[in-house]
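From first to last, the protein sequence lines are chains V and Z. Quick note on numbering: the first sequence equals residues 626 to 995 in this note's numbering. Quick note on numbering: the second sequence equals residues 9 to 401 in this note's numbering.
Be aware that one or more of the hints could be misleading.
Unchecked claim - Cut-off 25 Å, straight-line C-alpha distance, at most; resulting in silico cross-link-like pairs (SDA-like, lysine to any residue):
no., chain 1, residue 1, chain 2, residue 2
1, Z, Lys-287, V, Thr-947
2, V, Lys-868, Z, Arg-194
3, Z, Lys-287, V, Ala-979
4, Z, Lys-280, V, Glu-992
5, Z, Lys-38, Z, Lys-287
6, Z, Lys-287, V, Gly-987
7, Z, Lys-122, Z, Asn-189
8, V, Lys-868, Z, Arg-394
9, Z, Lys-280, V, Asp-916
10, Z, Lys-287, V, Lys-868
11, V, Lys-669, V, Ala-981
12, Z, Lys-192, Z, Val-325
13, Z, Lys-287, V, Lys-669
14, Z, Lys-280, V, Lys-674
15, Z, Lys-287, V, Ala-978
16, Z, Lys-280, V, Thr-947
17, V, Lys-674, V, Pro-744
18, V, Lys-868, Z, Lys-280
19, Z, Lys-287, V, Gln-975
20, Z, Lys-192, Z, Ser-322
21, Z, Lys-192, V, Leu-991
22, Z, Lys-72, Z, Lys-38
23, Z, Lys-38, V, Leu-991
24, Z, Lys-280, V, Gln-975
25, Z, Lys-192, V, Pro-744
26, V, Lys-868, Z, Glu-385
27, Z, Lys-280, V, Ala-979
28, Z, Lys-287, V, Leu-991
29, Z, Lys-287, V, Gln-881
The hints are simulated quantities; they were obtained by calculation from the structure and are not laboratory data. On a predicted model such as this, the values are computed, not experimentally measured, just so you know.
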Amino acid sequence: MVTSAIETTSTPDQATLDALRESVANVLTEQCDSTELHAFVDGKNALDKILWAQAGQLGWLGLGIPEQFGGLGMCSQGLVILHGELGRQSAPGPYIATLSAAQTIVETGDEAMRATWLPRLASGEVSAAVPATLDVSGLTRSGAGVSGAMRCLGAADAALLLAPADDAWVVVDLDGAEVAAASMWDRTRDVFDVRLEDATPVGVLPDSAATRAALTRTLALAVAADSAGGARSITERTIAYMKTREQFGRPIAGFQALKHRAADLATKLAVADEMVRHAVQRTVTGEPDADLWASLAKSEVTEACVFITTDCVQLHGGVGFTWDFDPHIFLKRARLNEVLIMANTALRDQAAAALAAITASGRSALELGL
Amino acid sequence: MSILDAQHDLSAFRQAIRDWLAEVVPPDWKARMARASNEEYIAFQRWWMAERSKVGLAIPHWPKEYGGAGLSQRHLIAVADEMARADAPQNRLFTISLIHMPGTLLPHGTEAQKRRYLSGVANGEVWCQGFSEPNSGSDLASLRCRAVRDGDHYVINGQKIWSSNSMYADHCLLLTRTDPNAQKHRGITYFIMDMRSPGVEVRPIRQANGRAEFGELFLTDVRIPAENMIGAENDGWRVAQATLASERGVISFEGGERQRYEIEAFYRNSLKVGAAWLKDAQLHREFVSFLAEMQAARRLLRRVLEESETQGASASVLPSIVKLSSTVLRQRICSFMVRISGMDGQAFALLAEEPFGSPMFDFLSAFSGTIAGGTNEIQRNIVAERGLGMPRV
């Protein structure tokens with residue numbers, strides 16, 4: 626297990642990122658293979674807990690958190706690598722919610738909030754939750770307390786919730802809150818419903834608009850990376866299956882009708898990866914168009930992933946439709962990813978508005994920065 | 009003045025190109041060319057090549073020993089980028105001369121051939137390609153155009169098709185069948201053919217978009233000196249791989265960059281005039297989706313260029329993946345433009361005078377991307393077989 630290579634600081638170079646990818650991939654392919662994943666889906670192991678504990682030890686949960694708060698300070702580049710690899714194995718656990726909440730606190734939280742929560746999040750001691758979708762009405766705020774019901778992305782035992790309450794964004798300690806885990810088609814993800822009655826937030830983020838934007842962007846990058854990784858993985862698994870499955874006396878991978886579909890999937894994957902990279906690059910250099918490209922990366926890549934995972938079910942034939950094979954796990958995760966944050970139509974509307982604003986100001990939103 | 013003097017500082021190099029373009033490119037060239045006759049268009053292309061030649065930008069990517077400047081890929085990206093940014097004319101007439109011919113002669117030509125032909129391009133020599141035949145398209149290796157040895161010459165009889173700008177060409181990169189009894193890939197020989205040789209007849213082919221950029225070649229007892237053979241007799245298929253591989257690269261990159269500026273100008277104008285389509289949320293969503301795909305395609309085109317300088321580039325299927333993604337995207341963008349331009353867009357117009365000024369022309373022209381240079385179906389075979397390891401039948 627390579628861990629020393631990732632304990633670096635500030636803007637990571639390519640070799641560091643490659644080492645990170647390799648070390649994460651090594652752990653996940655060993656511990657979250659198809660057999661373990663299916664057993665988890667069937668409730669026969671605690672793979673999510675095992676991986677989470679290990680992720681904390683290996684520093685994965687602090688990838689985007691500055692060093693002074695117990696993290697590795699590798700920002701978005703490190704995070705999308707982790708999410709991409711988690712997506713590749715359809716790894717269960719509250720990574721997207723926790724890491725995105727942490728990243729938002731890094732960006733727009735106050736010092737007390739950072740000092741209180743970031744070290745605990747980085748170590749894996751606690752996990753965080755966020756609203757499953759951001760375009761629903763949030764909690765309501767009355768005096769010092771917040772109330773209301775909300776469907777959240779994150780583990781049911783999450784310690785904190787980062788959520789909008791009227792015109793503010795608050796951090797709520799979920800200890801003692803009324804929480805009910807929701808049963809989802811995608812069993813690799815945790816979703817729960819929470820009901821709060823005049824709960825006292827442990828923190829109010831100073832800038833609501835910036836918080837919403839930061840959370841939207843970090844979630845968008847995470848979900849897009851997860852989808853791109855998942856789509857690539859299930860495509861590889863499907864093509865491997867097609868090389869072994871014989872009909873009419875030869876492997877079905879030799880049929881041109883299927884080869885062309887596989888080639889189209891490979892093309893979509895290459896485009897999806899570049900969309901994620903572009904959005905990350907604009908984020909890392911802090912461009913005004915970063916949010917625009919993150920929103921589009923999420924909307925485009927999650928839809929491509931739904932297309933790809935759907936086709937992978939079909940390319941498997943009958944077994945693709947069974948509980949015992951991998952495609953349905955990836956398909957269900959793809960469909961959940963598609964609706965997270967907000968509907969893709971709404972994300973595109975935001976992107977269109979941002980494009981119009983940037984263009985009207987006389988700038989270009991189309992620089993690659995390469 | 010040579011812009012190449014500034015090559016040691018990339019930003020100064022860019023600035024020199026920018027200054028030169030601002031000075032030399034006629035602001036009304038697009039409007040003029042939109043109404044130009046074929047002869048005027050060709051004259052304009054030759055003029056543009058001569059202008060590039062004056063400042064050392066005719067063949068900047070070639071080795072110095074053959075008259076080029078040996079510029080790095082980074083410099084070529086800068087040249088293409090600045091050309092696109094300034095909306096400067098493209099070297100359409102010289103595509104084969106600048107890309108395919110050196111891509112073939114540099115690795116496979118004799119020293120005499122390199123000396124004779126490489127330097128000619130900066131002086132305006134036009135090349136065409138004689139590969140496809142009426143019955144040999146995607147199955148190129150089945151070609152039948154016959155070459156028979158006769159003393160120190162070969163005698164050619166046959167037919168070639170889809171030969172861009174062959175009506176204006178001085179030389180042709182010609183694939184012929186020298187051994188009809190060998191396995192089809194093993195009986196092919198590659199020649200340089202002088203287009204003014206007796207027995208060469210060229211007939212233009214009118215395309216669906218109204219223009220005639222391709223020619224059909226009818227070759228009757230054409231005599232080619234044996235010294236014009238590229239590579240060995242019956243080894244032409246291997247040589248042809250170098251020609252085909254040379255297509256990946258700077259031209260597609262520049263096309264991607266041009267599309268960026270076109271679409272940006274189109275959008276800025278739409279905002280300015282308050283175009284009706286902007287009020288349709290679904291069209292607006294489609295548009296931003298195209299932009300996301302376009303950025304991805306531009307990044308991929310850059311990766312092909314970077315990869316082309318590395319070992320093992322010839323085994324990569326990335327160029328095929330890039331062709332599939334960028335040509336289909338181009339077609340979809342053009343199709344979108346046709347849809348939003350309504351009845352006005354159906355009015356007959358040839359060359360576009362402004363970005364997407366003639367959406368139907370652009371839409372119809374976009375098929376050249378999905379069909380030429382190896383159809384997208386052939387590209388899919390390449391991706392599946394060489395990239396994904398799916399078995400050949």
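So, going through the hints one by one against the coordinates:
no., hint, verdict
1, Z:Lys-287 x V:Thr-947, "45 Å, violated"
2, V:Lys-868 x Z:Arg-194, "30 Å, violated"
3, Z:Lys-287 x V:Ala-979, "15 Å, holds"
4, Z:Lys-280 x V:Glu-992, "21 Å, holds"
5, Z:Lys-38 x Z:Lys-287, "30 Å, violated"
6, Z:Lys-287 x V:Gly-987, "21 Å, holds"
7, Z:Lys-122 x Z:Asn-189, "32 Å, violated"
8, V:Lys-868 x Z:Arg-394, "14 Å, holds"
9, Z:Lys-280 x V:Asp-916, "24 Å, holds"
10, Z:Lys-287 x V:Lys-868, "49 Å, violated"
11, V:Lys-669 x V:Ala-981, "51 Å, violated"
12, Z:Lys-192 x Z:Val-325, "24 Å, holds"
13, Z:Lys-287 x V:Lys-669, "53 Å, violated"
14, Z:Lys-280 x V:Lys-674, "55 Å, violated"
15, Z:Lys-287 x V:Ala-978, "12 Å, holds"
16, Z:Lys-280 x V:Thr-947, "54 Å, violated"
17, V:Lys-674 x V:Pro-744, "19 Å, holds"
18, V:Lys-868 x Z:Lys-280, "54 Å, violated"
19, Z:Lys-287 x V:Gln-975, "14 Å, holds"
20, Z:Lys-192 x Z:Ser-322, "22 Å, holds"
21, Z:Lys-192 x V:Leu-991, "47 Å, violated"
22, Z:Lys-72 x Z:Lys-38, "33 Å, violated"
23, Z:Lys-38 x V:Leu-991, "24 Å, holds"
24, Z:Lys-280 x V:Gln-975, "20 Å, holds"
25, Z:Lys-192 x V:Pro-744, "68 Å, violated"
26, V:Lys-868 x Z:Glu-385, "21 Å, holds"
27, Z:Lys-280 x V:Ala-979, "16 Å, holds"
28, Z:Lys-287 x V:Leu-991, "22 Å, holds"
29, Z:Lys-287 x V:Gln-881, "43 Å, violated"
Consistency with the previously given hints fails for numbers 1, 2, 5, 7, 10, 11, 13, 14, 16, 18, 21, 22, 25 and 29, ordered from lowest to highest.
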